Structure formats: structure tokens, C-alpha cells
Amino acid sequence: MEFDLFANVSRVVDLCAAPGSWSQVLSRVLIEGEKFGRAAWQDREARIRQQLLAVLSDEELSEEQKKDVERDLAKQHAESKPREDVKIVSIDLQPISPLAGITTLRADITHPATVPLLLSALDPSYDASKTANTNQSSSPVDLVICDGAPDVTGLHDLDIYVQAQLLFAALNLALCVLKPGGKFVAKIFRARNVDILYAQLKIFFEKVVVAKPRSSRASSIEAFIVCINFRPPPGFSASLEEPLGVGDRLDKLLVERQRQKPIVAQTLLQDPTRGTWDSLPVEPYDAGGEDITEVEAFDETGDDLETTGKHTRWIAPFTACGDLSAFDSDASYRLPEDYVSLPPVQPPIAPPYKRAIQLRNTMSGGAQK
Amino acid sequence: MPVDVKLQRVLSQVPITALEFSDLPSGKQLVLAGQDNEIEVFDTEARQLICKFRIFDEQTVHGLSILPTAGDSPGKLLIWGAKLIAIVSTDGLDTGRVPSVVATATAPDWIYSGAFSPYDRSRACLVTAHNEAVLIRYEEKEGQIILEEVIAPARPGLYSASLTWLAADCVLVAAGTVFGEILVWKAWTGVGRERLHELLYVLTGHEGSIFGVDISPSYTIIGGRQVRLLATSSDDRTIRIWDISEKTDAIEQTNSHFSTARETGFGGDEANPTLGSRPPVALAMGHLSRIWGVKFSAATEPGILGTKNTLDIYSFGEDATTQCWKMEFHAENVTEIQEEKNILTGTLTLRGIYPLHEGKHLWSRAVSSSGNKQVIATGGADSRISLIEAHMTESEATSLPNFENASTPSVLVTVDIPKPSDETPQPKKKRQEIIGQYDFISDRELVAATSHGRLLLGTARAATLEWKEIQVEEVLHQDVERTYVLKQAAHGIAVLGATSGSVLIYHLVTDRLFRVASLPGKIVGITCLSTNIQREASGAKSLDILVHLYGASNPTWLKLSATTGDLLGQVEVSGLDPKFVTASASTIGQFLMIGSRHGWMSVLAPVGNGYQSVCDIPPRSPDAICAIVALPRSQDSQDRVSFLTTGRDGKFRIYEIVHTESVTNLELLHESSPPFGPMIEGAWFTDGPQPELILYGFRSKCFVVWNETRREERASVDCGGAHRSFSFLPGRSDRDPFFFTFTKTSTLFLYYQRRPMYAALKTGIHGREVRTMTSAYGLTATGAEDTTIRIWEHPEYGTDDAKQMKCLTLIKAHQGGIQRLAWSPLNSATDSGQVDSHLFSSAGSTEFFVWRIRSLRGGYSQLGVTCEGIFDETDVDKDLRIMDFSVQPRQDGIFIITMAFSNSFLSTYVFDKLDGFKVLARGAYTGACLTQVQPLTSLEGIIEASENEMAVLTASTDGHIVTWKIRQVENQQTKQWVLNNVTKVHQNSIKCLALVPASEGQFYVVTGGDDNSLGVSMLSRDIYQPVFRHVCRRAHAAAINGLAVKRVGESLVVFTASNDQRLKAWTVSKDGRICLQADMYSGVADPGDIEILPGQNQSVALGGVGLELWKTSLPG
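Taken in sequence, the protein lines are chains C and L.
Under the numbering used here, the first residue of the first sequence carries the number 1, and numbering increases by one thereafter.
Under the numbering used here, the first residue of the second sequence carries the number 10001, and numbering increases by one thereafter.
Same shape as in the complex, but just chain C (with noise of 0.2 Å):
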């Protein structure tokens, strides 16, 4: 929630929401307006932790900062009134139980007949027949989410591209439905060549971070790519005979901004403490304010791109998201006894080998229910 998703925003689509986590947090905030983020600063048990050993001491909040919060927190709090023209869209795969307020569309989003479904979701004039050749949405969205998942193979090769067909899936319905200054939210997997996606996705937005929720386990490759302020290239036209992940036309597409890039040459700096030269100023996006020193590696590999794979790799900044405060999904907790869990909203879903289970059962003499 560094990233303040949620201001301004009233017109959503969430893609691949089952079991609904998104779509809940969505309609809670845009219709009931309930406030969430930095508001889990106030999580009692967090506090408690942080002071039990006053380890985190000199990160306890300023004044200034704590401000700053408050503002925030304000901000937020004004933001997430109900809002008006509030529309929510929720697609996945399987059915979703219906959510106050939100529409919701069973369909895979790589096929191409979500196209023109989404579109006359969002807008119930839309008519496929009229609007021939334009796949541009009337009615445009502030935000696209997408939070899916391949069930992972486990060749590791496979998974990534099926995730990047997920995601290009996702930003080809995003090109056709994002208003310009938009946001799109997808899940990403950083592994191998998340770098290429990286720098392909910069085509499309101004700013592209990739984040990681402290609630997400440290050993989980998967995190979420935050792109900001939607601006597609001039002339560049959402299309479904040629969609994005498919053909070379991202590749070109990169070639071409690489291309038109002014060339600015890197200023070294002088360390004025060491007196050497080596350390180039990065943005700090983690903006802890202590002395840690961000320096930028000198490469002495003598690669160029040409040897390195032949594609223009770029590594978006990583911020963890969530406080520090908040549940470390490593850590294991003893829960209090009068703990009772709740059940998730929607039950997860029946796999696609539970009949497979049923048979062999019914073949064992159906002993096991």
C-alpha cells in the first residue's frame, strides 16, 4: 500500500480474482470504505513485539514522521469514503460467489472472447458488432489488478513463460481498458529473465517497481509488479489479432524506445569521505534514511548487450511492501488458545483431480469418505 492504489481510483478490473482476495479488499475500500495499509501500524500485537526487546528502537517514528502517517492515514481515511461511479469488475476462472457491488465473469483471460465480455461488462452499450476493428474501451478503468497464478509445473522454465503469458494476457486486456495515468498490478515470478519483463512493461508506464509483501514468504519467488501512470508509445494500439507475448512485436517495440532514448552519459561522482570515484548515486527507493551507502557496481565483465542474451534486460527497483511491524510469514507464531480461525471467505476450489480421488475411492469399496 506504499503505493497509494488506491487514491483516485474508482473504475477497477480484477483479473484472475478467485478466491477473491482483491476483489474483497477492492470492495471494502471503494464501497464500504474501510481503511487499510499504514493502518495496520496500529496492530496492537506488532507493537507489542517491537518493544518487547526496543530492537527496532532507532526506527521509531519522528515526529515528523509520524506526521506524516497521520496525513497519510488522513488522506486515506478522506479517499476511501464511498465513493461515487464506483465500478468493479472481477474475472477468473472459476465461479466467484457474487460480492456486493462487483460484477463478476467467469472466463480466461488469455482467450480472446474476454475481450469484447470485459468490454461490455464495463460498459452495457458496448456492442462487439458495432465497434468492429476497435477494441478500445469507451468507458476506460483506473486500475488493472491481476493476481494469477499458473498451478506451477515445476520446470521452472515452463512456469515462468506460462506466468508471463498470464501477465501479457492481462496487460493486452489492460491496453484496451486503462484510462492514460493508469495503474496495472500483476503478479510476476523473479526468476530467470524477469528482467526482460521488466524492461518490456517500461514501454507501456512511466515508473515500474517490482514489490514484495512482508507477508509473502522470503522463499516465494512470487512478488508484484507495480506500473504507474499508464502511457502507451504513440501510435501503439491495443490489438487482439496481435497480442502482446506472442511474436516479436515487444521486442521491436523496446528496440525502438532503446532507439529513441536520449543518450546521457554517466556522471561519476567523487566519494568527498574516500576520494574515489566509484560510487554512482542511485535513487534511494528504499528511503530508510540511514547510512547505508548505495553503490552501484562497477561491471568489468566487458559484456555488452550482444553477449548477455540479445535482449535489453533491465532490474526494476525492489521495495518490500507491508511494515516491519507486520506478520513475518517466515516466522512461526504460537497461536493464543482462544484463537479461532476463521474460515476463508470462499473455500478454495475443487482441483481437477478430485473426481480422480472419488473414483479410486469408489473403486477401494468407498471406504474412505
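Some hints here could point you the wrong way.
In silico SDA-like cross-links for lysine to any residue, where the CA-CA straight-line distance does not exceed 25 Å [stated by the list, open to error]:
1) C/K202 to L/R11034
2) L/K10360 to C/G154
3) C/K202 to L/T10106
4) C/K354 to L/R10278
5) L/K10326 to C/Q358
Note that these hints are calculated values from the structure, not bench results.
All figures in this text were calculated on a predicted structure; none of them were measured in a lab.
Using the hints, position chain L against chain C.
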């Protein structure tokens, strides 16, 4: 001086992602395997790697297809990986010439399948992940691949595809979608054509993604009808066979099915059945997991099934098994379908399951057929390649199995009892005659005693045993009838023990049966000391047997002539406990070793004219000790004597006899379980300079022969289970033919295995991700998600060709995936290179083990492993993970172990082999999961830990590094870990860390984070305060999971491994300046750890999904 670091990959063992057979004109059969970005070529007969060559720079090979040599036209390979295509000439491959890539190209999308056109050798077709047929032409002169056409009737996302050329301008495509649909369509090639594609079928019914499709050749089935079948496998755990023979009324080519606004995803629209769908011919469930692939036996086209009406089909699952199926068409339909009205139906029957791989997944497979012989190759995530000769053991009465027929690898027959000759007196009121006791006495001959008192000599010949009745003298008739034990005493000599107390000998050469002793009591057992298993005469002068009488613990030792079987004398055995019941015995060196039915062992030493028990070893388990086998000796064994025992507790053990003037005792050197049991009936060592250990016993209903040294199964015979009479006559080596006879429902069965039905073409490694590595004494230990620990010998590699990793031992004791491994920091390798050290391992659920690792002296060059400690703290939550630990040895052999727990606690224990773990100190962090712990005192070169001045450094998921000091708390036994300093370095989890001493009272802390960053912090040694903290934020594109640091002069060389599959080398100067030195593509996905292997040329080992060794330019 600046340090320059170069990296070169010298060894790689990663998942096998592509496989294909290649039959050369010379008759030689090759297997081509895709491993990472290379193709490896193996000779199937010699089971040897012929050559390997690189195809792509930074892309795994996902598939390959072969165009065989035809006349003057050389053979070619079509290879693909992701979007990349390569064509390779196989010219001269049989002469050992390394092929070269002749052309490469990039397809518009990920490729699932491909094949050259048999009609035009320059053309090929590939199918992409969006159901596109990509037609390419190879221009030989220019050495170019030209993408001619991309044809697609619709572009749904696929998980599998298969294609076959029907004509020079027509390709049949079968595509399995993510959502369980199967599209069968034709692509018509040729520019300017009006109609490019024709959708034949949309097959629905699978309830999950389609992971495997295979188009059959065109078969002629009974009735003369031509059929083409499609096999599919899915996430829903089913295999389905479909009839995709061409119909005249192909459904209209239509795009409306795909483009109208409609709800899609799982679960079809019941009301509107999909166009062109039909029910499958047959459906079956076999695997307990997702099924990655299915294949038809590769018959030559057009395949003719003839009168059999059956087909062989193979499936390959995530459970890492290959399953063989028989497809049988329902006969009544076969005649009816001539009228082209009925839908073809059939049944799939499971014929065999082959679990030949470790861990999970079979990523590649190939089937080769020549004549009746079918060979299946499978490639796993464990980087192993297995060959299976898909022959079902013939047991049907109709087929006449033949021992001399070399085409079948094995035969199983039932053996009838011969009718008694007329002279034999017929017993009157007896029940049906059955064969009771039997044993092989030579490589062909078997002696059997029947319940009617007949003694038979069987000779294995042709289809069965040829029986001959052994003449039994009238006086011995009673004894034979009361035979309780019948065993081979030596080559050509059988010994019989009767409840009458008589010991009889049958001597093959003279065909004579005679009594050698009459003992006062019922004989309940005989143990032959001088035989393990004898196929031929051993040359020994005498043979020794122990006869066990009912109710007597001390056996009677009979010494017989090895040539005639005559009694030479008796040896007195004394001193066994009255409750001792002998189950096995053997002479080991000068000692007699006896194992009991209840797990006890007794060491007997020669005393005067006999043997006296000098030492009783209490049981490790209450189960019987089945066999005692001496370890092969070698020159450096000296006076050390070792032996091996197998038991009914599923374990085998290796002991050394410790013998001084005053004490005789046994030292346990090794204890482990093979992947079968619990009945491990016996063992032997193969001949040769490098003896291998072979174990045999039972697993569930099967008799199993297992090569423990190579960790490969050699045989598995369905005999009904462990509790039965059997006789096993193995070959000299574990690959030689062998006989196995067994009794099942009172019937005698004879099994003959001519050759193993499966073999490893390439040996594998861990079946799942390597998470941790530790290296010392020339040994590298790896721990993986597959819950096993393996210890490897450092491979020697020459100028270019790396050898395979050689696994010395495998430890399987943990229940969860291994989290961390560490060798004891004390170097305890002796001068002679003999290892005697401790290894520590941790895993989930607070599992922590202390292992003693020792070289086994003598001719068996594996490692001995025993468990010396299991962490079992009652006050620690069992669900916790021990994320990391540090070990510091004390002079007195005691270890101080500090563990970092996932609940943010830090505990230090004193470990002693006898007393176990005792708490020394505890501490608690903020709640964040601790990920690393390292002793700070070791920086000073102090290996010995002083309990009052300990200090450790931890790192955690909150990105902080923390130093701790130990403090005594008044009136409390347990000391306390107190925070000394907290320093933030990373944004979130610190995944790897190394401490390196620097000069001037400072030390480096090098860290790798989940935030893609590489951190280098300098801390002062006295107060452990940071001097500087440098962070390189975008060191990798993904989380850094492992790092290894080597100090070279004033600089540090850091190697980092990340999820982005780049192996990078960095140098860090004294002032914290970081330079990238090398940035290499690695084929190891999801790397867990990286380790510097000491040696002449320093190399780096990288472990994850597979293992890689990289040679560095650093001096050793």
C-alpha cells in the same frame, strides 16, 4: 593488485528435458538427451557418453526430433527450446564426430513439438504454445532457416502438442489446452492456398489441463480398418485414448467458436456440447499425480496390429514413474465398426510400473521399437536417464517361454512335480505331494525335497526344470521325508537337516546321498559358514556347517570335505546365551560371528579346539539378523576386520571388530536402509577392483535385487511377498543372468532373468532442489528438498570433459527437506586420507542430526555413516524450523551448537555423544524469523569455543544483521544471549551470509538478500559495531539465495547465485568498492547454495534444481 575472475562451467547435472532414440545404419543405437543448453549422445549398448555439444547460448533444450540418414542425404536434428530453433547435422555421429549446429532461428512463440517432413527433407513443422503450426525451410547452401508460414485455426493456450506429417502439404496437429480441451486439426501448407486449416475434432471430457498428447501411426486393426488414435494425459490423473481417424464430415472450419463473447475457463457448457466432440475409446487412471506424458509404441507406419488387437502405451507421471499399459479393443466392436457406425471402444490395462527415478517428475521420454523389442528412455528432474526394456514377463500358458531365446529379458514359469516312477513306493493316505525344501547347488542344478519323501534334482533347461529323481536308500527314506532344512553347503553339495536329527549330504558329482551325522534332537536350522553364494567350486579344502537343534543355543559345527562331503570332524561351540536363537553366522577373520533371530550378535573367538563366545552385542532392533557377510579386503585393511549384516528391520549395518588382548567389541561404522524392505534377506559384493554391494530382499509383494553402491534396482519379481520359501542364485556380477525360485500357493515358480530390464544410461542426483552444501576433506555434502543428504567425491576433470559426480553415500533420515548442512570445523582427516569427521544436518519440524562420517577401510570404497545424535528438545515447539546453526568443537570432543529458529529464538546447546543435547544459552529476537547464525569467535582463528566469551552474529527476514554476546544470569543455569548491535542492511530477508576477517581489527559481513541486493558491511571486532555498510541494490534481477566468499590478498572474491539463473563473481576491495567480474548464465534453476571447493584449481559448486561445477581462475 586487481583480481581477475573468470568462470567456466565444467560439469552440469540438471534435469533431462529432451530425449530421442537414433538408430544408426551401423546398427548402433544412440540416445540423444537434452540437458540444459546441450545435447548429450549416449551409446545404449555400452551405456556410455559418446559426446556432448552446445546448442543454445542461454536456453534449455526442450525437445528434439530426428530425420534419419537416407541414402546420401545425411541425418539432421531439429532442436527447440522456448522460442529457439536449431538444426544440427548428424553426419558422422557414429564415428564419434561431434556434430555442429548448422542453423538457428527464432519462432514467434514457445514451441511444444516439431518434426521434419518425410516428404521434403528441407522442411519441418513446429507447433507453438498458442496452437500455431510454424512451417520452416532449411536452406542448406546459405545455412539458414526460413520461417515460411504460421497457420492457426485458433490461439488458445496449450500445455502440449503433437504433430505428424500426412502429406507433403499437410500436417496433422493435436493440441492439448490449458483448460482440458483437445483440438485436432490439419494445417495445409503452400502459399496462396485458400484454406489453410481444417478443424477435425474438439475433444472434451478431461477435467484438467492436458499435459501430454501423442498421435499414433495409422494402424490396421481386425477387420482391416485403418484407425489413427490419439493418447492424452492430464492434470485429472487420467489417460484417455481417442479415435481420430478421419471422417468425411469434418466440422466446418470456424472461428466463431473462438471469438464470440462467451464465458470460458474450466467446466464446459453442458447445454451446448462442443462441436466435433466424441467420447474416448478408453480411459484409465494409474498415476497418483499429474501425468506429464503419454506415448504409443513407435511402430513403423503403417502399423499393423494383426490378430493381437492390442497396443502398448506408456505414461509418465509427476510421481517419477513410467507405467506400461495394454490397450485392447473390444472385439465385438472391431467387427461392427466395419459398418462405420459404431464407435470404437476398448480397455486399458496396467501392465507394469517402473519407479526408477528419484524425487519428482519425468520431463522427457522416448520409445524405440525394433521387432518385438521395445525400449523406453526416460529423463527425470534427477538428471538420470533410464532405459526400460518393455517386456512383460510371459506367464501365459499359450506362449512357450524359452530360456535360450535371447529376445526376452526374463521368463517366469510354474514347475510341476514329476510323476513318481513305478518303482517308488506309493504312499497311501497322504495328501497331494508338494515341494517343500529346495536350493540351488550349482548354476543350473536345484535339489528339492517333496512332502512325500522324494528327493529331486532339477536342471534348468529350455522352458522348465528337467527333473530327475535322486536315489534314496531305504534307510534314509525316513530322514528325507522329515527334512526340515535343505541348503547348498558348497558348489555341488547340498546339506539336509531332518527333524530326526540326521544330517544328510547330497553330492552332485557322485550323485550320492548319505548321512554324515545323527544329532540328539530336532534340527531346526543349518548355517553354512563357508558359502555366501557359490556358483562354482571355491577351491577350499573343507566346508563348515553349523547345525542348530531345537532348544539348544550352542550349534554343532560340522567340518566336511569340500570335495566329497564326508565328515572330517566336529568343532565345539560354547558360551552362547541360552535364549540365543541363531539366524545367521559367518566366519570373519579369526572370529565366528553369529546373529540371532532377535537381533543379538555374538562374537566367538577360537579357544582350544573350539569357539567360545567372548562378547554379546545388544540388538539395534528386535528383528532377526538375516545375513553376515565379510567386507572385501585390500592391502590397506591391515589387521582391521569389517563385516556387514542385513536384517528384517529394513537396515544393513557395517561393523569393525575391535580386538585387543583384553577387549573384543564391535564398532558400528555404518547403518542405513535401502529403498526396499523391511526384509533384507542377504547381500554380496561383486568381484573386481571396485567391489559393489548388492542387497536382496522383499518389498511388498516383490523380490528385489538392489545395487546399493550405484543405487540402482536390478530386478523386481512379483512373488507374492516375503513370507515364503525361496532360493536365489545370483550371477557373478549384478547384471549377469540369475535364477530365483519361490513357492506361491503350494506351487513352485522358476524365474530366470537374462539381463536387467532397466538400467541407468546416466546416473542421477537429487530428485528435488539442492538447498544446502558443505565441503571439506575432498568431500561435498549436499542436502535437498527430497529429504536426502548425499556425499560426493570431488570429481577430477581433465582439460575439457568433466566426469560425472560420484556419490559415496546417501543418508535418508530426515522427514522434511534439508535446510542446512555443515561439516565439523575440526579437520580430522588422517594422514592416509582416511576421513573421520562429523556432519550436522537440520530440516523442518526441528529435525537436527549429528552424523559420524568415516572412510570404510578395505576394498569397499564407500563411506560409513552412523547417527550419533538426534535433537529432541521437549520444550521446543515441534513445528519450528531450524533455519541455520553453527557448530564449534571443544577440545574434549564436545560440540557447542547454536541454532537459529523460525520463531526468532536463538538457542545454544552442548552436545555430547553420550548425554545428548543440553541447553547452554537462550535468546530471543523481535519476532522476525532468523535465517543465519555464525560464530564470531571463530574469526579470531579460535576454533575452540570458550563458553563464557561466546559471540554470534545472526541475520533475519527483516533485513538486519545482529551481534549477540553471551551473559551469565544470576541464579540461573541457562545463560542468556544478549543483543549487542543491530544493523540494517537489506529491505527484507537476508538469504545468505558470510563472515570474513579483515585486517585492523575488523571483519566483513557479506550478505545476499531477497531484495536482489548484495551487501558488504565492515564491523569492528572489539565491539561489533558497523564501520561501513555498502549495498549494491540491483546485483541480480531476483533474490540472491547463495553466496561464497574467498579472500585473495586484500580483496574479497564473492560468488553469488540467484533465482535469475546468473552466476556472478564480484570483487570487493578493502574500502568496500564492489566490482562485477563475471556474469554467467547457469542452467540451475532455483539455486539454493553455492560452495567453493578447495583444490588445485579452485572450483565453485552451485546447487539447486541440479548441480553445476564451475572452474575459476583463482589459485587454490
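Open item on the list: For a quick check of understanding: which of the numbered hints are violated here, in increasing order?
Closed with: Those not satisfied: there are none.
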